[in-house]
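Novice: Take a look at the letters that make up each chain.
There are 2 protein chains.
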Amino acid sequence: MDTMRIRRVLATEPAEQEVSVHGWVRTKRDSKNVTFFEVNDGSCLSNLQVIFDRAEMENTGELDRVQTGASVEVTGTLVSSPGKGQKVELHGKSVHVVGESPQESYPLQKERHSFEYVPELAHLRPRTNTFGAVTRVRNAMSFAIHRFFQDKEFLYVHTPIITASDAEGAGAMFQVTTLPPGKESEDYTEDFFGKRAFLTVSGQLSAENYACALERVYTFGPTFRAENSNTTRHLAEFWMIEPEAAFCDIHCNMDLAEEFLKYILRYVLEHCEEDLAFFDLRIQQGLLDSLRHVVDTPFRRISYTEAVDALIGSGEKFEYPVSWGSDLQSEHEKYLTETVYDGPVIVTDYPRDIKAFYMKQNDDGKTVRAMDILVPRLGEIIGGSEREADLSRLEARIRELGLEMDAYWWYLDLRRFGTVPHSGFGLGFERLIQYVTGMQNIRDVIPFPRSVKNAEF
Amino acid sequence: MDTMRIRRVLATEPAEQEVSVHGWVRTKRDSKNVTFFEVNDGSCLSNLQVIFDRAEMENTGELDRVQTGASVEVTGTLVSSPGKGQKVELHGKSVHVVGESPQESYPLQKERHSFEYVPELAHLRPRTNTFGAVTRVRNAMSFAIHRFFQDKEFLYVHTPIITASDAEGAGAMFQVTTLPPGKESEDYTEDFFGKRAFLTVSGQLSAENYACALERVYTFGPTFRAENSNTTRHLAEFWMIEPEAAFCDIHCNMDLAEEFLKYILRYVLEHCEEDLAFFDLRIQQGLLDSLRHVVDTPFRRISYTEAVDALIGSGEKFEYPVSWGSDLQSEHEKYLTETVYDGPVIVTDYPRDIKAFYMKQNDDGKTVRAMDILVPRLGEIIGGSEREADLSRLEARIRELGLEMDAYWWYLDLRRFGTVPHSGFGLGFERLIQYVTGMQNIRDVIPFPRSVKNAEF
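Protein sequences appear in the order of chains A and B.
This note's numbering runs 1388 ahead of the 1-based position in the first sequence.
This note's numbering runs 1388 ahead of the 1-based position in the second sequence.
In short, the hints are calculated from the structure, not lab data.
Accuracy of the hints is not assured; some may be wrong.
Note that the list lumps identical chains together, so a pair holds whenever it fits in one copy or between two copies.
In silico SDA-like cross-links for lysine to any residue, where the CA-CA straight-line distance does not exceed 25 Å [as the list claims (entries may be wrong)]:
| id | residue 1 | residue 2 |
| --- | --- | --- |
| 1 | Lys1540 | Tyr1651 |
| 2 | Lys1416 | Arg1804 |
| 3 | Lys1481 | Asp1697 |
| 4 | Lys1722 | Asn1447 |
| 5 | Lys1841 | Pro1568 |
| 6 | Lys1841 | Leu1800 |
| 7 | Lys1540 | Glu1658 |
| 8 | Lys1540 | Glu1426 |
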């Protein structure tokens, strides 16, 4: 008899039919004549409750081997459940313990199941409710990202992970090498790539090459920062989504980003209802309402100058004082979205001195065509810009910042031959998952987090 | 007026309607009164032919700026084309050159467009027919991979790229470090992760952690080999697909792999008809037939021992002689698929001494539950196995091979607590794209290839 996944079993109208399931035992409880246990197979958050009447069994030996963490195959009759919180339960007929779980050493005993304990057990934490739910939400969001861009005819492009270019300048980089440790010179001609190589901090510049030929592309891949930040907001390795579109100015870019964010949230609200209800109940109260609010609200669009005026005009006392020319801090972003505008805000035209060299320069000589999306509860969630498409302006900016012109020869070629207005944005996937799940620590939304002194598993 | 993507324009029934397009000029030709040029926007292989009657124009200056490589916006009337190979053409009314392309320096002049020339211009090669087609096929295959696994309720899991574990032993590894060059000791306590760290060679062991909790997972991410192989078949950085399923033995694994491969090929045959026809015509004759043959043929399943017997029994002279115990070479794999069985073959139960430590050991003490899928024209395309689920057998094998037991503590935990039969396979994405497109050099199926002495762009 074929086994059925538990998600489907739980959605079945009970009609006394026989079903088989398999999975891992989450809890077990014996009373005098009856044994209860719950099985989970990862297909959904809920367990299937299984009940065995010991008196009806010829041999209860196998039932005694059923313990928390064991893998089992169970066959029984699906019936309506009198219990709260479940529609059906399984009246067991036969059980087979596939793999035992010695109780004296199993680290995920129910009573020791506190949330703080689990991070040291990254290899077993997918066996918990929280990490199962995170994994399913992360999966659904990944697929939604692909669906969104495929529907819009964006081509998925795998930009390189290893790069000899440190041209993007987005942060401290890891070095990639095959040189034996203890090499005494800085001579990289002997190294694998014949020169110093790094792990990428962004796929943007590479993606621009493809957008300036095929119009619409996106990346979705790992990026790296070698920053010594041991916080709940930083990872050394994280996944980024970076669309890039030609013949697309900053307004087109804002439209795309707003539509993108709403699509992903709507998708996960529809496809991960049970898991999100769990996060709303256990992790972050009001989560569902705040996500729905973003989906339903047109994003307010204001300039950086307007944002600064609103913050100064509010009279609010901030930890970091606000003045034109300094970057917005998280407290400012939250104040704008939560108090001033009560919803998501897109801020454009930031001072050029606090933004990257590649952003399109406005005619005022002071600002660039950057756009950041800010949301309540988090602040900045998306950062993007229209790119400088004019060769001489871009060259002037590179010179002005003292960057090495030669390093950008291929990037400049895109402006030399058939240049077009183009723009894109970047989005840290783990930040978005934190936002959707309410998980406080970014290390809890990626399977095996990498951070300072932490590359275990 | 909104612009229309060229793929849609070319599929439109011409009814004298006005349309606007944008893109890059691929060729241009002037006769006395008429200017022809072709525009491509990446949405499909074909260009849109545009014709301007110069006599009808007040100002032909803008038309003179239209040159190969320039970006343009064109509005005109869509009419039936008398020319071969196209249903419609655009009778231009107005043209705007967005970005010029100086002909004296543009590297992709039509006459210099030979295939061998392009690899040194990775940033511009997406502007060619071949690389545009490769990019679209790669994109479609990526999405098909996600669709296949999502439909089967496999969860996409992002396994780590940086790892302190070199436990998989699949090949030479790159080291990841933030130590300044010239550090003289092998002391990694000062390094970012506090120990020696590497770029992953496989996500399998990590994926097993998730399969042994959530039943069905897959990875699709970059993997790395620091092998000094400067060939058309090797990359230092490439993408791998690795599904892993619990409660799934080797037969279930073979069924999954066969269904997967057929699904991807069928998807790309349906969704990339024009691009595949191009590859069939220009790159590899008979390509389409060979792909359809794989889709339509049940994969023959034989044991390694049967394969060796068939090869020896054939009387064929091979460069590498065949004997029980040695690995099958590419020439043997091709002979089996092309001559002996005339179709794809799944070979199982290889000698354990030529396979990895984690494969399930058969009771004969000589073979393991490996399975490789071989296809005509290529040889091995998928390699997988049922994993050893028995703790004591796995420990014995690790000891036998002299591996360091402590490095596997978490991997062994999966067998200690609720172990289950589980299996999976791995597939090099670029090898599969080569197979689908017929492209001879693996560096031509990834946007920015990394190999020995090559990390440019």
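Novice: The structure should be examined with respect to each hint, and the outcome stated for every one.
Specialist: Structure-based check of each hint:
1. Lys1540 to Tyr1651: both (12 Å within a copy, 23 Å between copies)
2. Lys1416 to Arg1804: Only across copies: lysine 1416 and arginine 1804 sit 19 Å apart there, 69 Å inside one copy, limit 25 Å.
3. Lys1481 to Asp1697: Answer is neither: 71 Å inside a copy and 47 Å across each miss the 25 Å cutoff.
4. Lys1722 to Asn1447: neither (62 Å within a copy, 54 Å between copies)
5. Lys1841 to Pro1568: both (21 Å within a copy, 17 Å between copies)
6. Lys1841 to Leu1800: between (39 Å within a copy, 23 Å between copies)
7. Lys1540 to Glu1658: Answer is both: 20 Å inside a copy and 19 Å across each meet the 25 Å cutoff.
8. Lys1540 to Glu1426: between (43 Å within a copy, 24 Å between copies)
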